[in-house]
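J.: Here the protein sequences line up with chains A and B, keeping their order. Under our numbering, the first residue of the first sequence is numbered 1, with each subsequent residue one higher. Under our numbering, the first residue of the second sequence is numbered 1, with each subsequent residue one higher.
Treat the hints with caution; some may be incorrect.
Derived CB-CB ranges, DEER-like [said to hold, decoys possible]:
no., chain 1, residue 1, chain 2, residue 2, range
1, A, D74, B, G15, 49 to 59 Å
2, B, F50, A, R253, 26 to 36 Å
3, B, M57, A, F146, 25 to 35 Å
4, A, E83, B, E61, 19 to 29 Å
5, A, R26, B, E247, 20 to 30 Å
6, B, M57, A, D183, 40 to 50 Å
7, A, S49, B, M57, 36 to 46 Å
8, B, G248, A, M268, 29 to 39 Å
9, A, D252, B, V262, 29 to 39 Å
Think of the hints as simulated: they come from the structure by calculation, not from any bench. Predicted, not measured: the structure shown is a model, and the values here were computed from it. We treat Cβ as the ideally placed atom computed from N, Cα and C, and that holds for glycine.
So the chains spell out like this:
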Amino acid sequence: MVKPDKDTGTQEPLIRIEQLSVEFGRHEVLHAIDLAILRGETLAIIGESGCGKTVLLKTIIGLLHPTRGAVMFDGQDLARLGERALTRERIRFGFVFQQAALFDSMTIAQNVAFPLRQHTRKNTAEIEEIVMARLAEVGLPESVRFKKPAELSGGMRKRVGLARALALEPEVVLYDEPTTGLDPIMSDVINELILETRRRHLVTSVMVTHDMRSALKLADRIVMLYPLPRLQKGESQILFDGTPADLEQSSDRRVTQFVHGEAGERLMEMQNGI
Amino acid sequence: MFQDGSLSDDKTPGGGPVQAVADWVADLGGVVIDWLVGLGSVALFAFRTFLWLTTRMVRRETLIPSFYQIGVLSLPVVALTGTFIGIILAVQAYGQFHLLGMESRLGAVINLSLVRELGPVLAATMLAGRVGSAMAAELGTMRVTEQIDAMASMGANPIQYLVVPRFLGCLLLIPALTIMADFMGVVGGALYSVYLLNIDWHHYLKHSQDYVRGFDIFAGVFKSLFFGGAISLISCYHGFHCDPGAEGVGRAATTAFVYSFVAILMLDVVLAIGLESVYLAFWPEGPKLF
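In isolation and in its complexed conformation, chain A is listed as follows (with noise of 0.2 Å):
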């Protein structure tokens, strides 16, 4: 599944995240963060609510613009293309937002057409064909094509996302909290579903999340996020970089924490307005 480079062996990342920073009016979110992301890897961001997982998730799609720094994809800034450009990158992207984001006007079937309709020439039937493949393989029946999302349930809603998402076949597919608001079996659903996406379409994942399972399951490599305002000086925003395994050993107290759950010193942390 990963490719190396010809030339040199080593392998050129699909995604290169450098010296990135954003900022919200005079509030920092994310400061200097370096990332690479390599073609067909499944990398989990993690962290507590707050930290810019999101952010990031946003900055790396071009939906957000980095204040400082910059995001290359497949060796092009995506900042700093222009509208038509951005385009054609973007579809080779798939995004997973955490509410689902179906559009509340158009049917379940019209949702997952929707990327179909505008970068593509295939006719009514073409598409009709793989909104039903698509619906199929994230095991939702023929019957919900014609229903608004408002009538579906949070986990069905998450699939016609994800069958959203895959229309096109991306390449890259972000997932923004996959699992969040889900029972724990709907939760697993979601997870092998990522699973099975990955193998079937050989794709690059990144998947922003704070349930511990998931990334342990899903992924071959976590990073976590720290909230730029508790980091002590000079440390840098990404707490641990490392595969699952190294995550469990991680000495980071902080880490540690975040992993099993605990709250440690953060009540009272929050009470002193920390």
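For this one, chain A is given, so just place chain B on it according to the hints.
T.: Then chain B, alone, in the frame of chain A:
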């Protein structure tokens, strides 16, 4: 996204009168800067909408629902309010005109006020209230629930997909709504004057024909184009830049209406003055009612 509220101000009280004045100037400067940034941001939004409008064909499937929502569904309410405004004008003006014995000239006053001012402003206000705030709420909800981000992530430009059809709908259909408001107002005013105020039908009609020129109707419809454009751009802008949560969506909807209404009246002043100059250039004797 992150705005400094007054709670986060780090000014310490009791810095003396000089400090107080300096703070006041700084606050005022902040408000002016925010206002200018907002204005620039709306202008940029409008520019991007024009750019998409001229560079790519609008999709039929986005245009038709938008036209239906903006035009067809607004027609009954515009017609109804237009009729009432015509009647109200007759009721209010009758007393004064009756004292002067000039009731038959009511037709001129009612119809001229309607086609030049009340018809276009009324149609625009109804559009801002019915469609503008709904657009802001709908787009705001789409922003909050990440549907706009989803659209962009799938390589569809949200301005082209969501704003251009709404802009075209408002721009192209507001003239029809204005003509409807004018027409129903004229009919309402005439029926009330003739049947309930017992004004002579012939004279009412004659005075209306004598004083209302084609230019007056044109001026009203022409103004409405600007109103329609402003309503759609302001409402879509507020939807696109909606704050998170239900409160943000609510605020986007009300702000869209308030700013649209202010824009309608401001544009009306400018256009009324401009069109009056045009009128006087063509007909230097000017309009005379008596």
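J.: Okay, which hints does this one fail, numbers in order?
T.: Result: hints 2, 9 break, sorted rising.
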